[in-house]
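Visitor: Listed here are the chains, written in short residue letters.
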Amino acid sequence: MPPAISTQELTRRFDSVTAVDALSLDVQPGEVFGLLGPNGAGKTTTIKMLITLLPPTSGKATVAGHDISRDTRLVRRSIGYVPQLLSSDGALSARENLMTTARLYHLAASERAGRIDEALKFMDLGDSADRLVRTFSGGMIRRLEIAQAMLHRPEVLFLDEPTVGLDPNARRAVWEHIRGLREMAGTTILLTTHYMDEAAELCGRVGFMHLGRLVALGTPAELSAQAGKGKDLDDAFTYFTGSGLTESGEQGGQYRDVARTRRTARRLG
Amino acid sequence: MTSPERVERPAVWAEPPAPARFVLDAWTIAEGEMRKLRHDPTELITRAVQPLLWLLVFGQVIANTRAIPTGSLGYMDFLAPGVLAQSALFSAIFFGIAVIWERDLGVLHKYLVSPASRSSLVTGKALAGGLRSLVQAAMVYVVALLIGVHLRLDPLSVIGVALVVVIGSAAFATFSLVIACLVRTRERFMGIGQILTMPLFFASSAIYPISIMPNWLQVLAHLNPLTYQVDALRGLMVEGATESFPLALDFAVLSATTVVLIAIAARLYPRLAQ
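Those sequence lines, one after another, are chains C and S.
Residue numbers for the first sequence follow our numbering, beginning at 1 and rising by one.
Residue numbers for the second sequence follow our numbering, beginning at 1001 and rising by one.
None of these hints come from the bench; they were simulated from the model.
Check each hint, because a few of them may be wrong.
What the hints assert, rightly or not - Ranges between beta-carbon positions, derived for each pair:
#1 S:LEU1182 <-> C:ARG134: 24 to 30 Å
#2 S:SER1157 <-> C:ARG131: 41 to 47 Å
#3 C:ARG13 <-> S:ARG1186: 26 to 32 Å
#4 S:ARG1188 <-> C:ARG134: 23 to 29 Å
#5 C:GLY230 <-> S:ARG1188: 28 to 34 Å
#6 S:LEU1134 <-> C:GLY65: 41 to 47 Å
#7 S:THR1185 <-> C:GLY126: 35 to 41 Å
#8 S:PRO1246 <-> C:ARG13: 51 to 57 Å
#9 S:GLN1050 <-> C:SER16: 44 to 50 Å
#10 C:SER16 <-> S:TRP1027: 53 to 59 Å
#11 C:GLY230 <-> S:TRP1027: 58 to 64 Å
#12 C:GLY65 <-> S:SER1157: 54 to 60 Å
Stated by the list, open to error - Every beta carbon over 10 Å from chain S, so not counted as near; a handful from chain C, in silico:
#13 ASP15
#14 PHE122
#15 ASP167
#16 PRO168
#17 ASN169
#18 GLY180
#19 GLY230
Here a beta-carbon is modelled for each residue, glycine too, at the ideal position from N, C-alpha and C.
Pulled out of the complex, with its shape left as it was, chain C reads as follows (with noise of 0.2 Å):
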């Protein structure tokens, strides 16, 4: 079976800037993949070019068997993102936004109520589905959003940072419906997270990416023993990304970045 994803010298440049520096990795079908690394690595401008959001400046990439460049429609119809900011509609019901993209993605009319109903379920959201979104904690929204990009029952599932700014019973309950997912469809999960914990717990391989580059790529546990005997995955993210660390911050942290995490942890913290 070909992989899920697949990139040969993906490479994304702003002005200066080389933001992902020819980035080749195979995601296999089924897998979890943790991409990992500081603000600024390359990882949400990684997963916006494999979304079609943004276009390579050089090197190809394809996702469930689709050119992301050549074949936006069919890799939009194969994917589900959940991004790092909130993408529910808070003016509308839950029912209501997965009502959008039910009809968006153009799920069979007689389908949609059941189909609908069943991801409520599964997310634990049944007794909340007429309330306005903007109502809802964090976990709740990040479950909601997962349901809606899950709906279509797409072949890769993109999270970008599924569990900023939530507490820790919220991390939990996300973690077991990612689990449940992968379990009960055969999603291939492509996600990025800060939390090294996170990551051991969810991904079966993880990458390192620095500034721009895939410099590690293994198991968690692989990775943690390559830092050292009795290391763990938060040793081996500083042992292969802590090189680039000046007063400067490289481009880790731009103020943008900064602001827009938090803003993220405050909606839905």
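Position chain S against the provided structure of chain C, taking the given hints into account.
Guide: Okay, now just chain S, sitting in the frame of chain C:
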């Protein structure tokens, strides 16, 4: 790995051919916007206040001075269609702010990764912008009737007015969307929105006829889509009013403007998510 979901997948697709998909997707977007207004109509109600002031305060005062030559038409008869166009413009021109808000939140990204085409998303937004203005139109009609404006109330005229209001507002809402795509931040957008509304408004025949404008302004007025909207409204709305241009030309200008702006906006829209 072959999961049960994977086998089942083809059954869920019920994709119609591209033209039908375009219409359905645009309607999905527009309908979502309508739902939001139903959940929280505050905005519509506050928007309806402005035309009241123009008709009841500005209109009555200017009508008393008899300073503006409007031919055989009374000034209030002349003004009512202008106020309708003006209030629709003033709310449509700030439509882009909602789009920037959606971009800041992330809702926009969700729509852009869906299989819906960019042009259908933008058309849906434009349609929503157009339909919202119908509430203002209803408000203007009620007040205009109360103060004795000679409205044409036959069904054909009313439908015509509704069409002109929707198309005109869709055009200006899309214009606003284009600006939002270019400036991208709320602060910059607010500034530019303020700068744009007044020239559009004053360089039109909304509150005085083109004939009393200085020459240079007359030229601008002829290039301004709002002039054609007001012209069509005046002819359709008011008993005894005559249009300066053929009604077909008014419709053609407004429709063409909308189509061109939608094409531009569809190009620029994805930039918001980059």
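Visitor: Starting from the hint list further up, note which numbers the structure goes against and sort them upward.
Guide: Per hint list: 5 and 10 violated.
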